[in-house]
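Asks: Residue numbers (the working numbering), protein chains in the order written: chain R, 1 to 461; chain S, 1 to 461.
These are calculated hints, taken from the structure and not from any lab test.
Heads up, a few of these hints could be off.
Note that the list lumps identical chains together, so a pair holds whenever it fits in one copy or between two copies.
Cut-off 25 angstroms, straight-line C-alpha distance, at most; resulting in silico cross-link-like pairs (SDA-like, lysine to any residue) [stated by the list, open to error]:
#: 1; residue 1: K426; residue 2: S145
#: 2; residue 1: K426; residue 2: P162
#: 3; residue 1: K69; residue 2: K456
#: 4; residue 1: K456; residue 2: S269
#: 5; residue 1: K456; residue 2: F393
#: 6; residue 1: K456; residue 2: A326
#: 7; residue 1: K173; residue 2: S362
#: 8; residue 1: K69; residue 2: T36
#: 9; residue 1: K118; residue 2: T446
#: 10; residue 1: K456; residue 2: G320
#: 11; residue 1: K426; residue 2: V314
#: 12; residue 1: K122; residue 2: R250
Just so you know, these numbers come straight off a predicted model, no measurement behind them.
Number of protein chains: 2
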Amino acid sequence: MSTNGTAVDHGGALPETRVSGVSLRDIVDCHHVGPTLEWLENHAPHVIADELARMDAISAGIAFRLLDKDRALDVFEELEPVDQQQILTGLRDERFRELVEEMDPDDRARMLREAPAKVAKKVLAGLSPRERRMTAALLGYPEGSVGYYMTPEVVALPRNLPVVQALQWVRTKGANAETVYTLPVVDAGRRLIGVVEMRDLVLSSPDAMIADLVEAEPVFVRATDSAEKAARLMQGTNLLNLPVVDSEDRLVGLLTFDDAIEVIEAADSEDVARQAGTTPWEGHYMAAGVFQLARYRAMWLTLLLVAATLTVSVTDFFSGTLEQAAHLALFIPLLIGAGGNAGAQAATTCVRALAVGEVRVSDLFKVIWRECRVGLLLGTMLAIVGLVIGGLFVGAEIGVVVGITLVIICGWAATIGGTMPLLAKKLRIDPAVISAPMVTTLVDATGLIIYFTTAKIVLGI
Amino acid sequence: MSTNGTAVDHGGALPETRVSGVSLRDIVDCHHVGPTLEWLENHAPHVIADELARMDAISAGIAFRLLDKDRALDVFEELEPVDQQQILTGLRDERFRELVEEMDPDDRARMLREAPAKVAKKVLAGLSPRERRMTAALLGYPEGSVGYYMTPEVVALPRNLPVVQALQWVRTKGANAETVYTLPVVDAGRRLIGVVEMRDLVLSSPDAMIADLVEAEPVFVRATDSAEKAARLMQGTNLLNLPVVDSEDRLVGLLTFDDAIEVIEAADSEDVARQAGTTPWEGHYMAAGVFQLARYRAMWLTLLLVAATLTVSVTDFFSGTLEQAAHLALFIPLLIGAGGNAGAQAATTCVRALAVGEVRVSDLFKVIWRECRVGLLLGTMLAIVGLVIGGLFVGAEIGVVVGITLVIICGWAATIGGTMPLLAKKLRIDPAVISAPMVTTLVDATGLIIYFTTAKIVLGI
């Protein structure tokens, strides 16, 4: 083929350009089989999967059944576990079995964990004994562990082979393996003693010995280790695949780069969701119902509202001050807004620095000292603006109150925002739970105390 | 080796466990050469790079010069461009040249873009003509493009070879290539006509022909395409490397998986920073100075403060209402807090959904309709809590005002928060710029209008 012709549907085809056409959903919903078939034929598997994920279960099922056999598998592999489940429940038994048998064991295990017991049972029953055994083993690892994500189908090499025989070995045993690029070298007890990259096999002379090519101090992880940490380790070391061993150092699988990317992306999505005060979830935004979207936000929103009752109490407590200087009310939103923003900046920076490993729990006091100075510096800068705003709206005296409050609030907010994620981690709570809105709400109440106290002192009331 | 012995420094060694020991920084700062050498010998390159990144330029330079030659290169490759530059400026010419010549052309180009002109000149002058040519070509691509990140050292295969000869071809030409796992197949004019995976070469019979193995409709991108979109395409299709072509479909390089992960991580970090209202930057948190940290937050914080002047105007406008019912002031922080949170949730969800491609610009009206209903639903739920809080602190009438305000504010905030990122994208602004604090500040001012208007109507003032 010439790359000119089909560029638009593949690489040149970055998501934007696809939007111009009619969407699969529209075609299917109009019950036109012909156009649907044509659309399916003219789009790449990952594009089709993307469209299916946006559709409701019934339309997606109709479109999927119209795919021819080979493409159906390609598309199916690109789908998220939730969507795979939906598709499966709509299929006849024979096709159901075929699809499930062809999946990689790690993808299958991940889908099964989220599937209702009835579907899971049916899936396992339809598998060949070999595939069933591997899937069952993976199902034993806890969520979020390396074992949960690894592939158990690995080509392991013995130590004393020449390269030409090792390549022959890979050719014989590698057909089912998810990757043949990282070849763990094991002893007779299947204990990991090193790693050979396929690159080294291919580039070496055929008579070279595996023992001479082996990386003898391989980076590896245990199946029970955290998948996110393992994935970030791969990112830090630029490794394609990471050998996984059990508690007795026996090779049990490989964590592949595509699963690592997925782990990192899921962790980042989760951190982002937490930072905004919503519960993380894995569904597709456009496929979710309104009630479902609301449910994921409801808990935090309610908690934050209840916590905000503190601000009512504080204002109530200072109602005398507020009565004597009614103008103070004008600046409440501005001041707690500034404090909230300064706190959210510090919190987000520190949560991220913790996640990528730039900051460690032992840095607690260094972080407090840094953020306190950063906050005071920013507060001093804002105070100049605040002085002007306060002066213009009411008068110089209120301007001074607003200015001083800004310095103190920003110093305090940045310190709290930077410190809380570290404290959370120390207490073994996910630092991302210390979300920006949580810091903001806390800073709101304390900020009001700072404001009214400053006002009482400066205005002498 | 037995994996037991050194597990702690490598894989088993996920970042946490490293903290227990003394840090490299402490050892170097005490001027103990012996312990420094010992520490360097006992840690893996990526661990050493991690520690160097946390240190100031001088200490890092001292530690780096103590590394032996081979390990120095390994460590150097793990460093970020900024840190590489710092290290380089402290080295004598001979070692400087060696290190730079050994780097991958794409990494070198990335470092050079950020280096001061003096360093860049020195680097280019010291290179062999071949390396200089490749680096110069990469320097021609704009920041954020695929060309900026790709590796130009690719093994391209002609179409009509048997597998055994293709493997021989790779063995001869592959030594300098960054990867040999994705082998683009080109015609006589170096135009991309397909891709062969090394996996297929290794698993096929030696007499099979390349023409039969080739994936004839390869996914590819252009060198001028957005690197983030290309990286997300790789993530979506689970491709290890993506062929890159120029405007005439000629092969110019490969985007490798490790660069793709880096692109995605950088984009995510940037989105997170923007969501918190700070300017994204690439430095290391612990290595940054206080002034530097403050600088990255100052602009947004000031802008948001100036925008918050709106809230002062609105409150000032309604000061008559506030005088007649002073109790209204008590609930200002709570109400604008709830609106801000609901808006931030919607904004963050939609920015993320846009980034990963779940939502498209053409979904604008669907998103408005969804978020509006989600917001009203959440608002109704919060209204019950607000009714109780308002009733307890002041009385039933204020409770009703607070309740009604919550319903309207949440519906409005979620709609605005969900819509603004899409509008930004439509106007070709990065949606992540529509940060949570920006939505919050906007909702603060409009929320006050909603509050005071509701109060006037319900209380009849």
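Asks: Hints first: check each against the structure and report whether it holds.
Replies: Here's how the hints hold up against the structure:
no.: 1; hint: K426 / S145; verdict: within (20 angstroms within a copy, 40 angstroms between copies)
no.: 2; hint: K426 / P162; verdict: neither (50 angstroms within a copy, 59 angstroms between copies)
no.: 3; hint: K69 / K456; verdict: neither (77 angstroms within a copy, 66 angstroms between copies)
no.: 4; hint: K456 / S269; verdict: neither (45 angstroms within a copy, 42 angstroms between copies)
no.: 5; hint: K456 / F393; verdict: both (19 angstroms within a copy, 23 angstroms between copies)
no.: 6; hint: K456 / A326; verdict: both (13 angstroms within a copy, 19 angstroms between copies)
no.: 7; hint: K173 / S362; verdict: neither (47 angstroms within a copy, 48 angstroms between copies)
no.: 8; hint: K69 / T36; verdict: within (16 angstroms within a copy, 61 angstroms between copies)
no.: 9; hint: K118 / T446; verdict: neither (52 angstroms within a copy, 50 angstroms between copies)
no.: 10; hint: K456 / G320; verdict: both (10 angstroms within a copy, 23 angstroms between copies)
no.: 11; hint: K426 / V314; verdict: neither (30 angstroms within a copy, 43 angstroms between copies)
no.: 12; hint: K122 / R250; verdict: neither (32 angstroms within a copy, 49 angstroms between copies)
When each numbered hint is compared with the structure, violations occur for hints 2, 3, 4, 7, 9, 11, 12.
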